[in-house]
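Asker: The chain contents come next:
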Amino acid sequence: MEFDDPLLPILETYRVTKDCLKVTQKTIAIENEYLLMDTHFIGTSKEDVSNKIIKSRSEAEDSVVVLLWAVFERFIISYVQEKGMLILQNKKQPSSFSKKFYGTLRDAVERWKIDGILDMFKNGWIDPQLIGHAKNIKKYRDWIVHRNPAKASTPKATPETAHEILSKLIWEIQTLSS
Amino acid sequence: MGTKADIRKQKYIAWLKELHDEVKKWIKKEKLVAQEKDVEINEEIPGRYQAPSLSIQDKSGKEIAELRPVGAWIIGAEGRVDVIGRLDQIHLVYLEPPGPGISVVVSDDGGKIERNSRILFQGVENPGWYWIEDKPRGKAHLINGELFMDLLSEVSDYGI
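Chains A and B, in that order, give the protein sequences.
For the first sequence, the positions run 1 to 178 when my numbering is used.
For the second sequence, the positions run 1001 to 1160 when my numbering is used.
Please note that a few of the clues may not be correct.
Simulated DEER-style distance windows between Cβ atoms [stated by the list, open to error]:
#1 A:Lys113 - B:Asn1126: 36 to 46 Å
#2 B:Lys1062 - A:Glu33: 43 to 53 Å
#3 A:Thr44 - B:Gln1050: 33 to 43 Å
#4 B:Glu1018 - A:Ile42: 38 to 48 Å
#5 A:Lys139 - B:Gly1002: 22 to 32 Å
#6 A:Ile42 - B:Ser1060: 25 to 35 Å
No lab work stands behind these hints: they were computed from the structure.
Treat the numbers as computed from the prediction; the structure is a model and nothing was measured.
Glycine included, C-beta positions come from ideal geometry on N, C-alpha and C.
Please take these sequences and the hints and turn them into a complete structure.
Answerer: So, in structure tokens, the structure goes:
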């Protein structure tokens, strides 16, 4: 089955960002003023700029995990909403009730806890370990977003690992539906 | 006897030290030097603890890159250390064969059947520090001297 990975564009954008930062570091190192013209780097020390770029790289890494999670979460919610549409096909109840029921369900799913939704896939369909990894990525995403320096880090994930886990989960769920 | 968290933490620190010993040997050939120091890590499960980091420097004492420990509680791995240079940073993860596994089990009318068994990263045959290729379905490569020096020049301007 061909897999159209919705998370791949995020990872590709992250790679481009990383490469751009790398090129900029090299530009700073060789002090090419032409390339640095019209940037905020002019008038700043080489060391300062270099440190800011290193910080930006780390921020980009965190941001990509947040973005990967956001797209993954939307996929899961949309999947459950789509499955809920089966209610509309129920001929045993009045269609007006089915429509109202589906509308209520569709809106309610938006507020459901993602951990609970993921648990629905556990019952003999998808490896609980994979679900567990995904839940840990959610925890790490929350830790990044709330960014309390005093709070200990939850288990971390690299952008590559987060992508690998979440895209595998999407692939498995899509395979179940096909 | 320590708790499970203590044991995991101690294993992680021992793996870091093993990696540092190897790195010191590899960089010696390139006339580079290494300096070790402890840094604080703060993870949810074990709390705050000290773990060794390694600074790689040229003959003049200028830092080329740092091996900075990230933690022992890593999603999909047993531990992580980042190699941070001026140009880039890469992640090394400690993996144990066959790597973090994923098996897919599907229920049919007759009960559960295993449909597929996949692993997160290909190429994990021995326990050790691995670099994961930065591409979809990235392969894990056990770190060795040659690979480490390649990665070092990728993250820093050393050897350019």
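Asker: Tell me, in ascending order, the numbers of any earlier hints that this structure violates.
Answerer: Checked against the structure, the only hint that fails is number 2, while the rest are satisfied.
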